[in-house]
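Use the sequences and the hints to build the structure in full.
Below, each chain spelled out in residue letters.
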Amino acid sequence: MAQPLVKKDDDRDDEAEYSPFLGIEKGAVLQEARVFNDPQLDPRRCSQVITKLLYLLNQGESFTKIEATEVFFAVTKLFQSRDIGLRRMVYLMIKELSPSADEVIIVTSSLMKDMNSKTDMYRANAIRVLCRITDGTLLTQIERYLKQAIVDKNPVVASAALVSGIHLLQTNPEVVKRWSNEVQEAVQSRAALVQFHALALLHQIRQNDRLAVSKLVTSLTRGNVRSPLAQCLLIRYTSQVIRESATSAQTGDRPFYDFLEGCLRHKAEMVIFEAARAITELSGVTSRELTPAITVLQLFLSSSKPVLRFAAVRTLNKVAMTHPMAVTNCNIDMESLISDQNRSIATLAITTLLKTGNESSVDRLMKQITNFMSDIADEFKIVVVEAIRSLCLKFPLKYRALMNFLSNILREEGGFDYKKAIVDSIVILIRDIPEAKESGLLHLCEFIEDCEFTYLSTQILHFLGDEGPKTSDPSKYIRYIYNRVHLENATVRAAAVSTLSKFGAMVDSLKPRIFVLLRRCLFDSDDEVRDRATLYINTLGGDGEVVETDKDVKTFLFGSLDIPLANLETSLKNYDPSEEPFDINSVPREIKSQPLAEKKAPGKKPTGLGAAPTGPPSTVDAYERLLSSIPEFSGFGKLFKSSAPVELTEAETEYAVNVVKHIFDGHVVFQYNCTNTIPEQLLENVNVVVDASEAEEFSEVARKPLSSLPYDSPGQTFVAFEKPDGVPAIGKFSNVLRFTVKEVDPTTGEAEDDGVEDEYQLEDLEVVAADYMMKVGVSNFRNAWESMGPDFERVDEYGLGPRDSLAEAVNAVISLLGMQPCEGTEVVPNNSRSHTCLLSGVYIGNVRVLVRLQFGIDGPKDVAMKLAVRSEDEAVSDAIHEIVASG
Amino acid sequence: MLLAVLICNSVGNILVERFNGVPAEERMHWRSFLVKLGADNLKGARNEEYFVASHKSVYVVYTVLGDIHLFVAGKDGYDELALVEVVTVITTSIKDSCKKTPTERLFLDKYGRICLCLDEIVYKGILENTAKDRIKRLIRLKPPNEI
Numbered sequence: 001m002a003q004p005l006v007k008k009d010d011d012r013d014d015e016a017e018y019s020p021f022l023g024i025e026k027g028a029v030l031q032e033a034r035v036f037n038d039p040q041l042d043p044r045r046c047s048q049v050i051t052k053l054l055y056l057l058n059q060g061e062s063f064t065k066i067e068a069t070e071v072f073f074a075v076t077k078l079f080q081s082r083d084i085g086l087r088r089m090v091y092l093m094i095k096e097l098s099p100s101a102d103e104v105i106i107v108t109s110s111l112m113k114d115m116n117s118k119t120d121m122y123r124a125n126a127i128r129v130l131c132r133i134t135d136g137t138l139l140t141q142i143e144r145y146l147k148q149a150i151v152d153k154n155p156v157v158a159s160a161a162l163v164s165g166i167h168l169l170q171t172n173p174e175v176v177k178r179w180s181n182e183v184q185e186a187v188q189s190r191a192a193l194v195q196f197h198a199l200a201l202l203h204q205i206r207q208n209d210r211l212a213v214s215k216l217v218t219s220l221t222r223g224n225v226r227s228p229l230a231q232c233l234l235i236r237y238t239s240q241v242i243r244e245s246a247t248s249a250q251t252g253d254r255p256f257y258d259f260l261e262g263c264l265r266h267k268a269e270m271v272i273f274e275a276a277r278a279i280t281e282l283s284g285v286t287s288r289e290l291t292p293a294i295t296v297l298q299l300f301l302s303s304s305k306p307v308l309r310f311a312a313v314r315t316l317n318k319v320a321m322t323h324p325m326a327v328t329n330c331n332i333d334m335e336s337l338i339s340d341q342n343r344s345i346a347t348l349a350i351t352t353l354l355k356t357g358n359e360s361s362v363d364r365l366m367k368q369i370t371n372f373m374s375d376i377a378d379e380f381k382i383v384v385v386e387a388i389r390s391l392c393l394k395f396p397l398k399y400r401a402l403m404n405f406l407s408n409i410l411r412e413e414g415g416f417d418y419k420k421a422i423v424d425s426i427v428i429l430i431r432d433i434p435e436a437k438e439s440g441l442l443h444l445c446e447f448i449e450d451c452e453f454t455y456l457s458t459q460i461l462h463f464l465g466d467e468g469p470k471t472s473d474p475s476k477y478i479r480y481i482y483n484r485v486h487l488e489n490a491t492v493r494a495a496a497v498s499t500l501s502k503f504g505a506m507v508d509s510l511k512p513r514i515f516v517l518l519r520r521c522l523f524d525s526d527d528e529v530r531d532r533a534t535l536y537i538n539t540l541g542g543d544g545e546v547v548e549t550d551k552d553v554k555t556f557l558f559g560s561l562d563i564p565l566a567n568l569e570t571s572l573k574n575y576d577p578s579e580e581p582f583d584i585n586s587v588p589r590e591i592k593s594q595p596l597a598e599k600k601a602p603g604k605k606p607t608g609l610g611a612a613p614t615g616p617p618s619t620v621d622a623y624e625r626l627l628s629s630i631p632e633f634s635g636f637g638k639l640f641k642s643s644a645p646v647e648l649t650e651a652e653t654e655y656a657v658n659v660v661k662h663i664f665d666g667h668v669v670f671q672y673n674c675t676n677t678i679p680e681q682l683l684e685n686v687n688v689v690v691d692a693s694e695a696e697e698f699s700e701v702a703r704k705p706l707s708s709l710p711y712d713s714p715g716q717t718f719v720a721f722e723k724p725d726g727v728p729a730i731g732k733f734s735n736v737l738r739f740t741v742k743e744v745d746p747t748t749g750e751a752e753d754d755g756v757e758d759e760y761q762l763e764d765l766e767v768v769a770a771d772y773m774m775k776v777g778v779s780n781f782r783n784a785w786e787s788m789g790p791d792f793e794r795v796d797e798y799g800l801g802p803r804d805s806l807a808e809a810v811n812a813v814i815s816l817l818g819m820q821p822c823e824g825t826e827v828v829p830n831n832s833r834s835h836t837c838l839l840s841g842v843y844i845g846n847v848r849v850l851v852r853l854q855f856g857i858d859g860p861k862d863v864a865m866k867l868a869v870r871s872e873d874e875a876v877s878d879a880i881h882e883i884v885a886s887g
Numbered sequence: 001m002l003l004a005v006l007i008c009n010s011v012g013n014i015l016v017e018r019f020n021g022v023p024a025e026e027r028m029h030w031r032s033f034l035v036k037l038g039a040d041n042l043k044g045a046r047n048e049e050y051f052v053a054s055h056k057s058v059y060v061v062y063t064v065l066g067d068i069h070l071f072v073a074g075k076d077g078y079d080e081l082a083l084v085e086v087v088t089v090i091t092t093s094i095k096d097s098c099k100k101t102p103t104e105r106l107f108l109d110k111y112g113r114i115c116l117c118l119d120e121i122v123y124k125g126i127l128e129n130t131a132k133d134r135i136k137r138l139i140r141l142k143p144p145n146e147i
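Protein chains in written order, with the working numbering: chain X, 1 to 887; chain V, 1 to 147.
Treat the hints with care, since some could be wrong.
Claimed, not checked - DSBU-like, lysine-lysine: derived pairs with alpha carbons at most 35 Å apart:
| hint | chain 1 | residue 1 | chain 2 | residue 2 |
| --- | --- | --- | --- | --- |
| 1 | V | K36 | X | K318 |
| 2 | V | K43 | X | K318 |
| 3 | X | K420 | V | K56 |
| 4 | X | K26 | V | K100 |
| 5 | V | K99 | X | K95 |
| 6 | X | K394 | X | K775 |
| 7 | X | K267 | V | K100 |
| 8 | V | K75 | X | K177 |
| 9 | X | K147 | V | K124 |
| 10 | V | K36 | X | K95 |
| 11 | X | K147 | V | K142 |
| 12 | X | K118 | V | K132 |
| 13 | X | K153 | V | K136 |
| 14 | X | K118 | V | K99 |
| 15 | X | K153 | V | K75 |
| 16 | X | K153 | V | K110 |
| 17 | X | K147 | X | K77 |
| 18 | X | K394 | V | K56 |
| 19 | V | K75 | X | K215 |
| 20 | X | K65 | V | K110 |
| 21 | X | K118 | V | K110 |
| 22 | V | K95 | X | K118 |
| 23 | X | K177 | V | K136 |
| 24 | V | K132 | X | K153 |
| 25 | X | K367 | V | K36 |
| 26 | V | K110 | X | K305 |
| 27 | V | K75 | X | K394 |
Unchecked claim - One-sided excerpt, in silico: chain V residues whose CB lies under 8 Å from chain X:
| hint | residue |
| --- | --- |
| 28 | L81 |
| 29 | V84 |
| 30 | E85 |
| 31 | D109 |
| 32 | Y111 |
| 33 | Y123 |
Worth flagging that the hints you see were computed from the coordinates, not collected in a lab. Values in this document were obtained by computation on a predicted structure and should not be read as measured data. C-beta: ideal position from N, C-alpha, C; glycine also.
Laid out in C-alpha cells, this is it:
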C-alpha cells in the first residue's frame, strides 16, 4: 500500500483550510442532526447536515444501532418539508441508513404516498427506496403499483421499477415472476435504458425456460435494440441459445452466427467486442467463423485506448489456448504490446505469444521477456513463469535457453510465491526432460546458497536428496548441502542432515566422507538436528566404511511412510502416553477415498516440489508395498503398472466402490476400494464376486475379503487372477458386491448381533490392451526414434472409418494404446486435413516402444492412418499393430 | 454486478466508497488494492485517461480527474468495456457538478450533489442511468427533458 488509508480529517496541517469537512466529528454531526426535529425546518441547513452524514458513512464510519435509529427517525420528519432538493437528499439518506424491519414501518406511509404522487420523480424515487428497504409482506401490498410503474410512460419511473425488480428477484422471485407480461412490454420500449433493464430482468425471470429465451432472442435479433448496453446483453443471450442448439446438419450453418457477425460492424466498440468474444467462444468454432472476429480484435490491439487493447489481448489469449494458429496473424501487433505501459496488457501479450510462438521464435521471445521482467509485479511474473514452463515442455530441445532464463530470474528479487513458481518449474523440467537434470539441480543448489525462504530450502534439499545421488557426479552437490548445516536455521539444518544421509546411502564411495560430516552434526545446538544425525549414523551402518547400504535402510530413507498421514495423525492423537510404546503397525492403512469431484480431476500433472516426492500413497510405489504385504500376492513378482481408479458405482449411492487394476507379468489383481455411506449399517465379510466368463484367459487364484466395513471408513478387498505370462490378455469382468449387513443403533453406535446376507450389483470392468502399457515420455522423440533403429520397425496402414474430426480419431488411438503423447503432438490444429502424432511408452516385460502415427482425413470424414512402430522386441511391435487392428 | 465505486484524492485518502456484494471483511483489501493501483499507475496520467486491470474474474477501470482518482470494479456482465461506460458517466457528472475539472476542495464542496449523482448512476450494483443531462435533472427531482 502506497499511502495510509486515513480519514480526510487526518490531513496534514498545511491543508488546514482545505476541506469543508475539516475536523468533522461523528458526535457533533449527530448533535447537528437535531435540526431535523425543528418545527420550522431550514431545508438548506438540513441538506448540509445530511451531506455531512453521507460523508461520514462514505468514509466507512459506522453508527451504533441507537445512533442509526435516532438519525433515521429524525430524517423521516423531513418528509414534512416541501423543499424538492431536501426531499431528494432524504431519499438517499434513508437508503444509506438501511433501517431495520421494525423501523421501516415509520416511513412506509410517507413513501407510499410519494409512490402515488402526481409528480413522476417522487414516484421513481419512492419506488427505489421502498424496494430497497421492503420485506415480502409489504411487497405484495405495493406489487400493483410496481407493475403499473414498469409500463409507465416516464422512463425514469419504468427504469426504477425494473431495476428494483432485478434486485427483488433475488429475495422474492415468486412475486417478480408474476410481472413478466409487463416486463415483456417494457422490452419494446422506445427508451434505450428501459429496454436495457427490461431485457436483463426478463432474461433473469425466464432463464430456466430455454424455449422462452430462444423466442426472446429470435424476436430481438430481428428487431431494433436501442442501446449498446442492451445489444451486448442480447449478444450474450444469443451465445447461450447457440450453445444449447445444434448446428444445422445439412448446411453446417450455425443459427444466429450472421447476427453475431453483423454486430462486428456495429458503431459501438462495446458491441463489436462483445460479438467478437462471443464468436471466439463458440464451441467447435471453425477458422472461417473465427476470422472476422480475430480481424476486429487485431484492430483493437493497436487502439489508442488501453481498455480496448486489454480487452482484445485478453480475448486473444483465451483463443490461443484452443486455436493457437488462428492468433498467429496478430503476433506482430502483440509483440509491440510487450512494451505497453499497462503491465496487464504486456503480460497477456507475452503469455499469448508464448502459446502461439514456434520453436524458432523462442530465443527472440526470451530476449524480449528478459527486459520486460524487471519492471512488472510478482503476480504478473508468476503468469509468465508458468507460460515458460509450458513452452519448455512443448519444445524440450529449447530447455537450455529456458532453463537459463529461469535460473537468471531465480537470482533476482522476488516474493515467496514468485520464487516458488520458478523452483516448481525447474523441478518439473528436471523430471520431464532428463537432459535438463544436472544443470537444473545446480541452479537449485546455487539458489539455496542465498535463499530466504525456509520452506523452499527444505523442499529443494529433499528433492536434491532424491535426485542428486543418481547423477554422474553426486559429490559436487555435497558442498552446497553441507553449507546449509553451517549457515541456516534449525529447520533447514535438519533437512540438510537428511539429504546428506541419502547421499551416503545411495553412493557407497561417498559414505565415509558423509559419516564425517554427519558426526559433526552431533554437536549441533538444535535437538532435532542432533537426533537426525544420530539416527542416520546408526541406520547407515558400516561405521563409515565403503560398504553397500542395506536395502531396508534405503527403503526407510527413500520410501514414504506407507501409512496415510491423516490416519497416523489420528492414531497419535488417540495414543495415551504409557509404558507401552506407540505401535506404528496399529495405524490403519486404509486410504480414505477422496470426494468424487477430486478423484475425477483428469491427468493432473505434479505441480512441483510438493507433489511427487511426498505424494499420497496412491503411487505405484505405495501400491507395490501394499500388495507385497499381502501374503497371497507376494509371489506375483514385480508390479508392472497400476491403473487409475475406475468407478464401479455412480455418485451418491449407498456403497461407493472403485477398482484399481494391478498388472503383474503373470497375474492381475483387482483392488476394490469400498466405502459404506449408510450410518445405520455395518457391513461384514465384504467380498466382490467376479464373473470372468468373458475373460477366458484369466482364472481366479486368490482373494482377500474385508472383514468389516463400518460407515465412512473405507476398506479394500482384493481378487487375483492368473493369466498367461507376459501375454497382454484382455477380457470383461462382471462384479457383485456381497456382504453381511448389520443394523447399527445410531444412539449407541453398536451393531446388532445378527446380520443379513445381501449383495449389490456393480458396473462391469474391463482389462484392455492399454493396461499393459506404461506412459513414459521421451524428451526428444527424433533422437529416441533414430537410436532405436529400424530393426524391429513395423509399418502398416489402417482405415478408421468416418469420424467427427481428426482430433477425435487421434484421441481414440492414443487412449487405445495408452501411450504418452510426445512434444505436444496430441493437439490437432483446427481444420487440419492431416496430422502426425508421436507416442512413447513401456510395454509389459519392460520393452520400450515408440509409435509414429500419421493421420489423413478426406471429404466425407473418412480417416486413414499410417502406423509405424519401433521397439526393442519384434513381437512387441507386432503386438501394437494387433491392438490397433482389433481395436 | 458493479462491485465497487471508489473515489479518493491523489494521496489515497478515501472520499467516497460504495461497495455492492462485497463482504465487509474484504472491503479493506479492495480499498488497499485499488489505492495501490492508482498510486502505481496514475502518476503523470492525463485527465480522463482510462486504465484497466483485472484480478481473477474482477475487472477494474480507473482514471484521474483533476485531484481525484476514480476506480470502478465489476464482474460478470460488467466487464472492462461496460465499466468504461460507468466511469465515463461518473466523470462527466462530477465535472458537471463541479462546473470544471475538480480540485479536491471543489469536489468536497459539491459532495452532496455528487453523492446524489452516484445514487442515480448506480443502484445497488446495477448501472441505472448513463445520460448526464438526465442525471442533472433527476438529482433536482426534475423530469428528464424527453418527457
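- Item | Proposed proximity, K215 (chain X) with K75 (chain V) (alpha carbon, max 35 Å) | Holds - the C-alpha atoms of K215 (chain X) and K75 (chain V) are around 27 Å apart, at most 35 Å.
- Would you settle whether the hint for V84 (chain V) is holds or violated, based on the nearest Cβ-Cβ distance to chain X being less than 8 Å? holds (5 Å)
- Message: Need the status of pair K153 (chain X), K136 (chain V): alpha-carbon distance at most 35 Å?
- Response: holds (20 Å)
- Query: Within 35 Å, alpha carbon to alpha carbon, are K75 (chain V) and K177 (chain X)?
  - Reply: holds (25 Å)
- Query: Is K177 (chain X) within 35 Å of K136 (chain V), Cα to Cα?
  - Reply: holds (33 Å)
- Taken at face value, is the distance from the CA of K142 (chain V) to the CA of K147 (chain X) at most 35 Å? holds (23 Å)
- Query: Within 35 Å, alpha carbon to alpha carbon, are K394 (chain X) and K56 (chain V)?
  - Reply: holds (26 Å)
- With a cut-off of 8 Å, does the beta carbon of D109 (chain V) approach a beta carbon of chain X closely enough for the hint to hold? holds (6 Å)
- Does K110 (chain V) lie within 35 Å of K153 (chain X) when you go C-alpha to C-alpha? holds (32 Å)
- Message: Run the distance test for K36 (chain V) versus K318 (chain X): straight-line Cα separation, threshold 35 Å.
- Response: Satisfied, since the Cα-Cα distance of roughly 28 Å is no more than 35 Å.
- Are the Cα atoms of K65 (chain X) and K110 (chain V) separated by 35 Å or less? holds (29 Å)
- Minimum Cβ distance from E85 (chain V) to chain X below 8 Å? holds (7 Å)
No hint from the list above goes unmet by this structure.
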